[in-house]
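Protein chains: 2
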Amino acid sequence: MNARVMCSLPNEQVTEALAKLLELKAQLGTNDGKQTFVLKTPKGTRDYNPKQMAIREKVFSTIINCFKRHGAETIDTPVFELKETLTGKYGEDSKLIYDLKDQGGELLSLRYDLTVPFARYLAMNKITNIKRYHIAKVYRRDNPAMTRGRYREFYQCDFDIAGQYDPMIPDAECLKIVHEIFSELQLGDFVIKVNDRRVLDGMFEVCGVPADKFRTICSAVDKMDKMPWEEVKNEMVAEKGLSPETADKIGEYVQLSGATELADKLLQDDKLSQSKVALEGLADMKQLFEYLTFLGVEDKVVFDLSLARGLDYYTGVIYEAVLVQNQADTQMQQNEHCEPVGVGSVAAGGRYDGLVGMFDPKNRKVPCVGVSIGIERIFSIMEQRMEASEKKIRTTETQVLVATAQKKLLEERMKLVAELWKHGIKAEITYKKNPKLLNQLQYCEETGIPLVAIIGEQELQDGVVKLRVVSTREEVDVARVNLIEEIKKRSCQS
Amino acid sequence: MNARVMCSLPNEQVTEALAKLLELKAQLGTNDGKQTFVLKTPKGTRDYNPKQMAIREKVFSTIINCFKRHGAETIDTPVFELKETLTGKYGEDSKLIYDLKDQGGELLSLRYDLTVPFARYLAMNKITNIKRYHIAKVYRRDNPAMTRGRYREFYQCDFDIAGQYDPMIPDAECLKIVHEIFSELQLGDFVIKVNDRRVLDGMFEVCGVPADKFRTICSAVDKMDKMPWEEVKNEMVAEKGLSPETADKIGEYVQLSGATELADKLLQDDKLSQSKVALEGLADMKQLFEYLTFLGVEDKVVFDLSLARGLDYYTGVIYEAVLVQNQADTQMQQNEHCEPVGVGSVAAGGRYDGLVGMFDPKNRKVPCVGVSIGIERIFSIMEQRMEASEKKIRTTETQVLVATAQKKLLEERMKLVAELWKHGIKAEITYKKNPKLLNQLQYCEETGIPLVAIIGEQELQDGVVKLRVVSTREEVDVARVNLIEEIKKRSCQS
Numbered sequence: 001m002n003a004r005v006m007c008s009l010p011n012e013q014v015t016e017a018l019a020k021l022l023e024l025k026a027q028l029g030t031n032d033g034k035q036t037f038v039l040k041t042p043k044g045t046r047d048y049n050p051k052q053m054a055i056r057e058k059v060f061s062t063i064i065n066c067f068k069r070h071g072a073e074t075i076d077t078p079v080f081e082l083k084e085t086l087t088g089k090y091g092e093d094s095k096l097i098y099d100l101k102d103q104g105g106e107l108l109s110l111r112y113d114l115t116v117p118f119a120r121y122l123a124m125n126k127i128t129n130i131k132r133y134h135i136a137k138v139y140r141r142d143n144p145a146m147t148r149g150r151y152r153e154f155y156q157c158d159f160d161i162a163g164q165y166d167p168m169i170p171d172a173e174c175l176k177i178v179h180e181i182f183s184e185l186q187l188g189d190f191v192i193k194v195n196d197r198r199v200l201d202g203m204f205e206v207c208g209v210p211a212d213k214f215r216t217i218c219s220a221v222d223k224m225d226k227m228p229w230e231e232v233k234n235e236m237v238a239e240k241g242l243s244p245e246t247a248d249k250i251g252e253y254v255q256l257s258g259a260t261e262l263a264d265k266l267l268q269d270d271k272l273s274q275s276k277v278a279l280e281g282l283a284d285m286k287q288l289f290e291y292l293t294f295l296g297v298e299d300k301v302v303f304d305l306s307l308a309r310g311l312d313y314y315t316g317v318i319y320e321a322v323l324v325q326n327q328a329d330t331q332m333q334q335n336e337h338c339e340p341v342g343v344g345s346v347a348a349g350g351r352y353d354g355l356v357g358m359f360d361p362k363n364r365k366v367p368c369v370g371v372s373i374g375i376e377r378i379f380s381i382m383e384q385r386m387e388a389s390e391k392k393i394r395t396t397e398t399q400v401l402v403a404t405a406q407k408k409l410l411e412e413r414m415k416l417v418a419e420l421w422k423h424g425i426k427a428e429i430t431y432k433k434n435p436k437l438l439n440q441l442q443y444c445e446e447t448g449i450p451l452v453a454i455i456g457e458q459e460l461q462d463g464v465v466k467l468r469v470v471s472t473r474e475e476v477d478v479a480r481v482n483l484i485e486e487i488k489k490r491s492c493q494s
Numbered sequence: 001m002n003a004r005v006m007c008s009l010p011n012e013q014v015t016e017a018l019a020k021l022l023e024l025k026a027q028l029g030t031n032d033g034k035q036t037f038v039l040k041t042p043k044g045t046r047d048y049n050p051k052q053m054a055i056r057e058k059v060f061s062t063i064i065n066c067f068k069r070h071g072a073e074t075i076d077t078p079v080f081e082l083k084e085t086l087t088g089k090y091g092e093d094s095k096l097i098y099d100l101k102d103q104g105g106e107l108l109s110l111r112y113d114l115t116v117p118f119a120r121y122l123a124m125n126k127i128t129n130i131k132r133y134h135i136a137k138v139y140r141r142d143n144p145a146m147t148r149g150r151y152r153e154f155y156q157c158d159f160d161i162a163g164q165y166d167p168m169i170p171d172a173e174c175l176k177i178v179h180e181i182f183s184e185l186q187l188g189d190f191v192i193k194v195n196d197r198r199v200l201d202g203m204f205e206v207c208g209v210p211a212d213k214f215r216t217i218c219s220a221v222d223k224m225d226k227m228p229w230e231e232v233k234n235e236m237v238a239e240k241g242l243s244p245e246t247a248d249k250i251g252e253y254v255q256l257s258g259a260t261e262l263a264d265k266l267l268q269d270d271k272l273s274q275s276k277v278a279l280e281g282l283a284d285m286k287q288l289f290e291y292l293t294f295l296g297v298e299d300k301v302v303f304d305l306s307l308a309r310g311l312d313y314y315t316g317v318i319y320e321a322v323l324v325q326n327q328a329d330t331q332m333q334q335n336e337h338c339e340p341v342g343v344g345s346v347a348a349g350g351r352y353d354g355l356v357g358m359f360d361p362k363n364r365k366v367p368c369v370g371v372s373i374g375i376e377r378i379f380s381i382m383e384q385r386m387e388a389s390e391k392k393i394r395t396t397e398t399q400v401l402v403a404t405a406q407k408k409l410l411e412e413r414m415k416l417v418a419e420l421w422k423h424g425i426k427a428e429i430t431y432k433k434n435p436k437l438l439n440q441l442q443y444c445e446e447t448g449i450p451l452v453a454i455i456g457e458q459e460l461q462d463g464v465v466k467l468r469v470v471s472t473r474e475e476v477d478v479a480r481v482n483l484i485e486e487i488k489k490r491s492c493q494s
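First to last, the sequence lines map onto chains R and L.
For the first sequence, the residue numbers in our numbering are 1 to 494.
For the second sequence, the residue numbers in our numbering are 1 to 494.
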C-alpha cells in the first residue's frame, strides 16, 4: 500500500539546488581540521532525536492499539529482498528501488513497500489467511520534499486481511480502522474516498478508451484532486492521444461523487451498465456502504469516481483518506508559499487479489485487502503542533532524582537509587562524586523529573529522605521505609 | 558495541554447503510452473512469524523498561550511512559491510553496528551528554551459523552514556543494567567479566610485546574462553612471532581472575606497576568494584585478565556477560553435536572515549561508555524454551469474539462489535455472512480468545447477549447494557 501523497512540486528544483549548496557548504566548513568527510545523514534521510522519538512512540502506540483491538497479529520481514522478488511489481516506479552492490552472492534490493514482502511471505509459507499489521521502514530513491514530511527512508504502517471471505466484510473493517485511527489522533476533519478498480476499468471501457491506455488514463484521472478537469482533459487529449469526445465522456463520470445513492444511479446508467466488471464493482460498493452504516462510519466515506490509485496490483475497492483543510491552514499555506503538511493523503489502500498468486508456483491466489497509514505525514503534523504549542515534551519517564547537598554521599545515593530501581521506580543520580544541589535541581527542571529524593547526614541519621516536589518546591520528610510507597502514590496522582 | 559471540565453527563449511544445496533444490522445485524465481528471504536473513514477534515483543519490553527505569531517552538513525562514515572504524571486519550499489549520488553502506552511527549523531549535533538507548537492526556480510541464532540481519540493543563525568560512575550503571536485565529474563545463571584496555596494554608493554603487535596479541588472548592456554600460546609464538618467554609472561597474567583483591594484588605487582596506563586501569577497576558493591551487583562480576574484546575503539573498561552452562545443557550439546544457543556472550560493551572525536572537525572528544544486549541470542533461547514447553503462545490480544448460531445476523454482529471497539474492548467477528457456530468456536480455541458473545433472535428480543467462556464452556446471559462492564471484569481476572 502506498500512502504517500502525490502532489505537484513547483519549487522542487529550488529545494534540490538548496540541498546541494548546503552540502557544498558543509564540505567547505569541515576542511579546516583533520576531518575531511561530510558529517551528515544520507540524502533524504534523517535522525530522530529523543523528542521526535517521543512523538513517534505516542503515534505508534495509538495505531498499534487500534490494530490489536481488531485482533491483528504482527510479522516482520528483512529490510532487503532478493532483487527478483521486487521485479515487475511497481511498474514505472521500479527505477526508485535501492539496489545493493553485488559483493558476491545474491542480488538484493531494499524493500520498496511492505505489501510485496507480505505477499512473498504468504506464498512462501503457504498461509491462506491472516490478519496482520507490519510497521517498518521502506526505501525509495525519490527526490522527496522533506519539508513536507517526505523522505527516502520512511515508515510504513500496514494492516492487511488475507483470506477467502464474503465480499466487502474485511474491506469494511479496513475503513473502520482508518476511521478509528484518525478520530483518535485528532488531526482535524478527514474524508475517506472510495472507488473500485472495476468501476474505473468498466468506465474506461464504455467510454471507448483502448485497453492498452487504461493505466495511463488512470494516472491522469488520479490528478483530479490537484488540478481542474480542463487540465486533466488536456493531458488525456494532447499527451495521451485520447479523442476529445472520449475524454468528455470520462469527464462526466469522474466528476461524480456521493454515497450509496450514486452506486444506485450508476447501476441504472445506460452506458456503464453495459460493463460486467463495472456492475460487479457497483454492487460491491452498495454492499460496502451498507456495512459501513452498520459499523457507524458511513459519515466520513465518499464514493468518488475520480479516485484512481496508481499501483498495478489493485483489483477491487480502493480508498484514500485525506485531511480536510480548514481556513487557518489555508492562510498559513498562502503566507509561507508552501503546501502545509496537513493537507493530502494520510492513509490509502485497497484490494489486491492477484499479488500473492504471482509468488506461488501454481499461481494459487490469496485474496487480500489492506490499508497503509501515512505515518510520516502524521509525525510531521504532530511535530509542527508540538513546536507551535511550545509545550515541553518529556523524553524520559524518570520519576525521581536521588540527590544530595553534601559531599561524600555517592555511596548513599547509589544505595538508595538501587533500592528504588529494585522496586520498579524510574530513578536517576547524577554521575558526579560531589554534585552541587543547584545543578541537580536544574537537571530536574530541564528534563521534567517531578520529584527529588534528597539525602544528607541528618536525613541518614533520622532514617528519612527529604522528598521535594520540583514544580512547587515543597519539601517533606518521608520515613525511608515509606519512600517507595510515597513515590508510587505521587506518581499516580500526576 | 558488538555483542555477538565469537565461537569456533567446526562445521561451518557443512552448514554453508547445505545452504547452497537447499537453494539449488528450491530453484529446481519452482521451475515446473510459470514462476522461475526462488521464493526465499536473502541468505542470512529470516522473517519473524507472529509467534516469534510475540516473544520478541516480550523481550523488548523487559529490556526497554529497564532502560527507561534508568532514565534513558531513545534515538533512531537511518539504516544506511555515507560509506565514509563507516570507513576505518571496524578494522578487518570492514569487509563484512554491505555497500549499496552506486545508482548516482552518494555512496552508501548499511550500518554495521549502532555505536558508530551514535558517535556520528553526537558529533553532527554537537551533543556533549546524553543517556540513550537504540534498538535497531544492523547488517554484516558474515557466514553466520543461523542454527545458533546468528544472522546477517540482526537486532542490536544498545544503551550508552555520553558525557564528561567522574570515573566509573556511568560504567558501574551499565553493569547494573546488564545485571537487572539478565536477572529479570531468567535465562539461567550468568557472569559478567570485566577488564580494562589499559590493563591489557600495560601488561603487553611490561611483558615485552612490540607495540605494533598489541592488537593481534589481544585477539589471541580473546580466544582463551574457547581454547586452552597452550593453544593460545602456540598461536602467539608460531603464528604471531612472539618469543616463548614473552608468551609465558603474558600467560601468567591472563590466567588470573578475581575481584577487587586481584586489582590490589596487581597494583603491587613488580612488573605491572611499572606501567602508568596499567596503574590507571587498575585504580579504576578498584573504584568500579566499590561502586558495584554499592549497587548490589558485585556478586556476578569477575575481573578477568583474559577478556580482550576485539573492537578498536575501546579505551578503558570492557565487559562481557556470559550465561553459565548447566549440566543439562551440556548433555544436550553433546547429544546434538552442536553448541547450544544458551552458551556464550549475551551482552558486551565498554568505554570508548575517542570515537566521537573522530567525527568532530576539531577532534573534540566526548567520553562514552555503553553496553549492547545480545538480543538475538536471547530470542533463540526463549524460542527454544517455548517450543520445549509446548505452551501455547497467543499472538493476538482479542478478548471476545462476537458470534451467532443463526443466519442473517451480520448486521447485528457488526453493530455489536463496533460498540465493543468503541469502548476499547479487543473484539473480532468472522468475515462470513452466515458462519457456523462450530467454526466460530473453533476459531476461539485456535487463537486463544477467552470469551464469545453470542447473539440470536431470542437474545436480541430479550436485550441480552449470551457470554460463553471458551475454556469451561459455561454460558450466561448478560444484559446488553452490562456487557462492556462484564467483559472488562472478566478480562481483569484472567
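Calculated directly from the structure, the hints in this document are not laboratory data.
Be aware that one or more of the hints could be misleading.
Any copy, or any two copies together, can satisfy a pair, since identical chains are not distinguished.
Dumping the calculated EDC-like pairs for lysine to aspartate or glutamate here, alpha-carbon to alpha-carbon at most 16 Å [claimed, not checked]:
#, residue 1, residue 2
1, K415, E230
2, K83, D99
3, K95, D299
4, K43, E106
5, K422, E184
6, K466, E486
7, K433, D284
8, K392, D222
9, K365, D284
10, K286, E411
11, K137, E298
12, K213, E459
Going through the hints against the structure:
1. Taking CA atoms no more than 16 Å apart as the test, K415 paired with E230 passes in neither setting, with 75 Å inside one copy and 43 Å between copies.
2. For the identical chains of this complex, K83 and D99 are neighbours both inside a copy (7 Å) and across copies (15 Å), given an alpha-carbon limit of 16 Å.
3. Taking identical chains as interchangeable, the C-alpha atoms of K95 and D299 are never at most 16 Å apart, the minima being 39 Å within one chain and 58 Å between chains.
4. When the C-alpha separation of K43 and E106 is checked against a cutoff of 16 Å, the pair qualifies only between copies, where the shortest distance is 8 Å, while the shortest distance within a copy is 26 Å.
5. Proximity of K422 and E184 under a CA criterion of 16 Å is satisfied inter-copy only: 11 Å between copies versus 36 Å inside one chain copy.
6. Within a single copy, K466 and E486 get their C-alpha atoms as close as 12 Å, which meets the 16 Å cut-off; across copies the closest is 44 Å, which misses it.
7. In this homomeric assembly, K433 and D284 come within 16 Å of each other (Cα to Cα) only across copies, at 14 Å, whereas the closest approach inside a single copy is 71 Å.
8. Within a single copy, K392 and D222 get their C-alpha atoms no closer than 41 Å, and across copies no closer than 47 Å, so neither meets the 16 Å cut-off.
9. Taking the shortest Cα distances, K365 and D284 never come within 16 Å of each other, neither inside one copy (20 Å) nor across copies (65 Å).
10. Taking the closest pair of Cα atoms, K286 and E411 come within 16 Å of each other only across two copies (15 Å); inside a single copy the shortest separation is 72 Å, beyond that limit.
11. Taking the shortest alpha-carbon separations for K137 and E298, neither the intra-copy value of 32 Å nor the inter-copy value of 41 Å comes in at or below 16 Å.
12. Within a single copy, K213 and E459 get their C-alpha atoms no closer than 83 Å, and across copies no closer than 55 Å, so neither meets the 16 Å cut-off.
Hint check: violations occur at hints 1, 3, 8, 9, 11, 12; the rest are consistent with the structure.
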